Amino acid sequence: MYPDNLYYTKDHEWVKVEDDLAIIGITEFAQKQLGDIVYIELPEIGTNLEVHQTIGAIESVKAVSDVFSPIAGEVIEVNEKLNESPELINQDPYGQGWIIKLRIKNKTDLNQLMSASEYEKYVESLEA
Amino acid sequence: MSYIPLSQRDIEEMLRRIGVSSLDELFQSIPEEIRWKGSLNLPSPLSESELLEYFEKLGQKNTYPQFLSFLGAGAYPHLIPAVVDYLSSRGEFVTPYTPYQPEVSQGTLQIIFEYQTLICQLTALEIANASLYEGATAVAEAVLMAQRIRNRSKILVARSLHPQYRQVMATYVKNLGLTIEEVDFDLKSGQLSLDDLTKRLSEEVIALVVQNPNFFGVVEKLEEAFSLSHQKGALAIAVIAEGLSLGLLKPPGEVGADIACGEGQSFGLPLAFGGPYLGFIACRENFLRQLPGRIAGQTKDAEGKIGYVLTLSTREQHIRREKATSNICTNQAWCALRATIFLETLGPKGLRELAYYNLQKANYALEKLCSLPGIKRHFSGPIFNEFVLELEQPVNKITSQLLNRGIIAGYPLERDYPELKNCLLLCVTEVHSKEKIDELVRAFKEVLS
Amino acid sequence: MNRREPLIFELSGEGKRAFFLPPLDVPEKREILEFLPCRENIPGFPEVSEPEIVRHFTRLAQTNFCVDTTFYPLGSCTMKYSPKINEKIAGLSHFLTIHPLAQEELVQGSLELIKLLEDYLCRITGMAYFTLWPAAGAHGELTGMMMIRAALTRRGNPRKIVLIPDSAHGTNPSSAHLCGYHVQEIKSNEEGTVDVEDLEKMMTDEVAALMLTNPNTLGIFEKDICRLAEIVHRRGGFVYMDGANMNALLGKFRPGDHGVDVIHLNLHKTFSTPHGGGGPGAGPVGVTEELEPFLPIPVIKREGERLVVENNRPLSIGRVRTFFGNFLVLVKALAYILSLGDEGLKQVAEIAVLNSNYLRKSLEGIFHLKYSSPTLHECVFSDKWQREKGVQNIDIAKRLIDFGLHPPTMSFPLIVQGALMIEPTETESKVELDAFIEAMKQIAYEAEKNPEILKTAPHRAYVRRLDEVAAARNPVLRWKG
Chain A
1 MYPDNLYYTK DHEWVKVEDD LAIIGITEFA QKQLGDIVYI ELPEIGTNLE VHQTIGAIES
61 VKAVSDVFSP IAGEVIEVNE KLNESPELIN QDPYGQGWII KLRIKNKTDL NQLMSASEYE
121 KYVESLEA
Chain B
1001 MSYIPLSQRD IEEMLRRIGV SSLDELFQSI PEEIRWKGSL NLPSPLSESE LLEYFEKLGQ
1061 KNTYPQFLSF LGAGAYPHLI PAVVDYLSSR GEFVTPYTPY QPEVSQGTLQ IIFEYQTLIC
1121 QLTALEIANA SLYEGATAVA EAVLMAQRIR NRSKILVARS LHPQYRQVMA TYVKNLGLTI
1181 EEVDFDLKSG QLSLDDLTKR LSEEVIALVV QNPNFFGVVE KLEEAFSLSH QKGALAIAVI
1241 AEGLSLGLLK PPGEVGADIA CGEGQSFGLP LAFGGPYLGF IACRENFLRQ LPGRIAGQTK
1301 DAEGKIGYVL TLSTREQHIR REKATSNICT NQAWCALRAT IFLETLGPKG LRELAYYNLQ
1361 KANYALEKLC SLPGIKRHFS GPIFNEFVLE LEQPVNKITS QLLNRGIIAG YPLERDYPEL
1421 KNCLLLCVTE VHSKEKIDEL VRAFKEVLS
Chain C
2001 MNRREPLIFE LSGEGKRAFF LPPLDVPEKR EILEFLPCRE NIPGFPEVSE PEIVRHFTRL
2061 AQTNFCVDTT FYPLGSCTMK YSPKINEKIA GLSHFLTIHP LAQEELVQGS LELIKLLEDY
2121 LCRITGMAYF TLWPAAGAHG ELTGMMMIRA ALTRRGNPRK IVLIPDSAHG TNPSSAHLCG
2181 YHVQEIKSNE EGTVDVEDLE KMMTDEVAAL MLTNPNTLGI FEKDICRLAE IVHRRGGFVY
2241 MDGANMNALL GKFRPGDHGV DVIHLNLHKT FSTPHGGGGP GAGPVGVTEE LEPFLPIPVI
2301 KREGERLVVE NNRPLSIGRV RTFFGNFLVL VKALAYILSL GDEGLKQVAE IAVLNSNYLR
2361 KSLEGIFHLK YSSPTLHECV FSDKWQREKG VQNIDIAKRL IDFGLHPPTM SFPLIVQGAL
2421 MIEPTETESK VELDAFIEAM KQIAYEAEKN PEILKTAPHR AYVRRLDEVA AARNPVLRWK
2481 G
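Chains as they are written, first to last, in this note's numbering: chain A, 1 to 128; chain B, 1001 to 1449; chain C, 2001 to 2481.
Simulated from the structure, these hints should not be mistaken for laboratory data.
You may find that some hints are simply not true.
[What the hints assert, rightly or not] Straight-line C-alpha distance at most 27 Å; calculated DSSO-like pairs for lysine-lysine: (1) A/Lys-10 with C/Lys-2187; (2) B/Lys-1300 with A/Lys-62; (3) B/Lys-1421 with B/Lys-1376; (4) B/Lys-1250 with C/Lys-2480; (5) A/Lys-62 with C/Lys-2455; (6) B/Lys-1057 with C/Lys-2301; (7) C/Lys-2449 with B/Lys-1037; (8) B/Lys-1305 with C/Lys-2455; (9) B/Lys-1323 with A/Lys-10; (10) C/Lys-2370 with A/Lys-32; (11) B/Lys-1037 with C/Lys-2346; (12) A/Lys-32 with C/Lys-2187; (13) C/Lys-2480 with A/Lys-81; (14) C/Lys-2201 with B/Lys-1323; (15) C/Lys-2115 with B/Lys-1061; (16) C/Lys-2389 with A/Lys-62; (17) C/Lys-2346 with C/Lys-2084; (18) C/Lys-2201 with C/Lys-2187; (19) C/Lys-2160 with B/Lys-1154.
Being a predicted model, the structure only gives us computed values, none of them experimental.
Same shape as in the complex, but just chain A:
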């Protein structure tokens, strides 16, 4: 449920690092909590994000959830497919449901994030 090669946040985002780039999405736990996703607000390419700055908002029929950037960086790509098919986040949160791609500003930001096993424990603590 929580791939080992990713970093995680307490707000249920995940980060995948590819050299100096980072791909960001929301976790399986988050998509389940939200239910059927109907809309996602994406940032503009070129936006410079600080740690914990709002990337956009994800909406289900009766809930809205802000998505925060786990690390600082410049948005170099957004997942345009989500405009037409926001349900990709429900179907494949770690794959086709990715949200944005960043150019990482400080790799040290990653030190603040959780590993898969830490995140799993965190989720268990929430469910308890």
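Since the structure of chain A is already known, use the hints to place chains B and C on it.
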């Protein structure tokens, strides 16, 4: 009177089930020392017949109906087809609430969907909401919406926008750090001064707000004004205070408006001392997420049958709380229902004819009145069903003499526009027969001579 | 399955008409059109006959549940019976035909009616003044918060924060925000109310106001209201009371006597004016003596025998709506107050609370009740026990429809997961209440034995369950032909 359907025996039985011995005991969670035990000093209750008599007497103190009135200025007397009253008074329309449970509210929802469609067709814009309170708050909501789209700081408003609309807008934006600047009207034509507009437009401007026909009844040249705004990246907001004009005049969407909003009172709502009326708003499709208020959408049920639901609620206060597009919850659904019945009854031909009658009658009255010595037309711009007269003599003197003859001649403009001394705004609609217009003309002639 | 009622646009046929004008009685001048920017036509606008219109709307009406036909226990909405005499009174031509800009001396009846209602609302709530212009509850909240802001600004600092409990209606934070404030949420304590100690910690010199709903949305009376008010006042803040639930307090508690500085009422809830499918309502706002200078314009004043409309008020927050509010709604509310009087209003609160507690007692143990504190006019159950079987509150709600009952308010307040918020009001008979209780028991039983029947409900409505996800993913918001 009482509307309580419990017998004494019911009450006793229910108290027993709950396990308390008196009704008073149910209120123990209100601390004894702050519970109200006195009388509210309200009058003794009235029976149905007494109540009716009481209000009839109160109503008689309104002597307004004894007069022949040519007041408009944001509230317009129009015909209301019998089907509007008949259908809208059904309990199934009067006594449900907001259609939170779509499966048992299809009537309300389908009507909102039809209403949204009609507003889009009338304004030539792509999306509309389910209603707002009335014209002025609709303008305020439109301005706030524009601010969310264009994150700038200044609003340009035509000085010829209804004075009360300008006041309400000012109240709404006061605490949000926005400034409002007024754009003059051309002293000759009464239309928006494009020179003044050009001077005031800048990269700081969120939107230009223009009423059409404007408060003086003058039809604007919106295309030019809106195109100037767009050149500076400002949005164009068209305000319609007299909805009937949409039956005849070029719609906002065809002259470059990004948002159209205003008052739908003319669509089947009585004057009623100012309310309830109907605020409407429509805009371009790409502003959908910024539109305030309820929206109905089409969908299907579990068996594939078409149905309607409230949708895109994540914009609204009950989900987004302080980040919502507006705080509006209860709106004017029943008024929107009446507008829907009204507009569907009139149809495109009826609406156009009605608008055309207003145009002809107002122009007839204008021409007749201006042929009298001591009266002249103040603005040269084309009119719809209202116009401004300038009197040689003090306007108060003339209007009070006309009042003595049983006529309310119009709305004196000086209180809102000091520069329009001795000017009077008159409204003529289909409810004014030629006979009544001629009576007005005769009365003017008498008091002026 | 019922036949679908077509959209009016689908019934349209060229040349069909339902509206006819008499011949034009002034000389026609076609050339006027040449100076006007006119439209060609209105594409798509429907052309239908009168019989079709009447059938269309009558059929659509028949698909609606409403208070006149159905038990309608929407919590916090107070769906009580709307007396018909009040409709008749609001339809009197001496109210219907009055232009709002007519000279004062021609509309003394309307002005007197407004003054009377203001006066009676003051007596009922213990406030010093009322303004009747706000068109709905949320509009009243905004108006009230603006007055608070104006008063604080005059004292030298408008402040930055408004405190709002997590159980509050969404309009509270939204209205505070629209008034330029940041919202800080107060967590409800285990009793479901605001904790004195919590407030003590959060109340600073930057807090403009506490917005408190009382009884709150759980139906629980905020018993510490006097102490809460004292804490807020000591630090120079104001107490705003959301009076949406005033139906529980009529003749039992007057907020103005106990530290409330501003209150809004919902005439369409407490004072029986019909809800109209989502308005028009009215949200009058009551204030203390101190806030009087800030009332929105106009203010109606007595000058001897005459009533006058005062617009020149330098400290006023300004105008919040054109003219005189939703006037006909005010007419109906006044008629309601006059028809019930003192004892009648008190009885409203007593029976509303009796009915609610009767439901609560009868359903306790069958549905989960998160808070055990005593409740007044409404109570909030949840789907906690049914969720174990995969049944959610929405399934319970939709199944109620099969029993011919309107569901309660769903998923609100947010602090109760899977909430079912039930407010019966005083105008329901024991027979209706018992039918609801029986249906709820049956549904709880079905959740155990046959959850599928709930998940696929409703089975007997005009439509089956509607797909709200599809509606939001691909918005179709108008007919396109």
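Requested in this report: Take a quick look at whether A/Lys-10 and C/Lys-2187 sit within 27 Å of each other, Cα to Cα.
Outcome: holds (21 Å)
Report task. Please work out if B/Lys-1250 and C/Lys-2480 have their alpha carbons no farther apart than 27 Å. Result -> This hinted pair holds, its Cα atoms lying about 20 Å apart.
Query raised in the report: Does A/Lys-81 lie within 27 Å of C/Lys-2480 when you go C-alpha to C-alpha?
Result: holds (26 Å)
Query raised in the report: If you draw a straight line from the CA of A/Lys-32 to the CA of C/Lys-2187, is it 27 Å or shorter?
Result: holds (25 Å)
**Report entry** Proposed proximity, A/Lys-10 with B/Lys-1323 (alpha carbon, max 27 Å)
**Finding:** holds (22 Å)
**Report entry** Agreement of C/Lys-2449 and B/Lys-1037 with the hint, judged by alpha carbon distance not exceeding 27 Å
**Finding:** violated (50 Å)
Requested in this report: Mind checking the alpha carbons of C/Lys-2370 and A/Lys-32 for me, to see if they're no more than 27 Å apart?
Outcome: OK: C/Lys-2370 and A/Lys-32 at ~24 Å, within 27 Å.
Query - Given hint B/Lys-1154 paired with C/Lys-2160 - CA-CA distance at most 27 Å - result: The hint holds at about 23 Å.
Query raised in the report: Does A/Lys-62 lie within 27 Å of C/Lys-2389 when you go C-alpha to C-alpha?
Result: holds (22 Å)
Query raised in the report: Hey, C/Lys-2115 versus B/Lys-1061, does the alpha-carbon distance stay inside 27 Å?
Result: holds (14 Å)
Report task. Sort out whether B/Lys-1323 lies within 27 Å of C/Lys-2201, counting only the CA atoms. Result -> holds (25 Å)
Query - Satisfaction of hint between C/Lys-2455 and B/Lys-1305, Cα-Cα up to 27 Å - result: Holds, at roughly 18 Å.
The structure does not agree with numbered hint 7 stated previously, though it agrees with all others.
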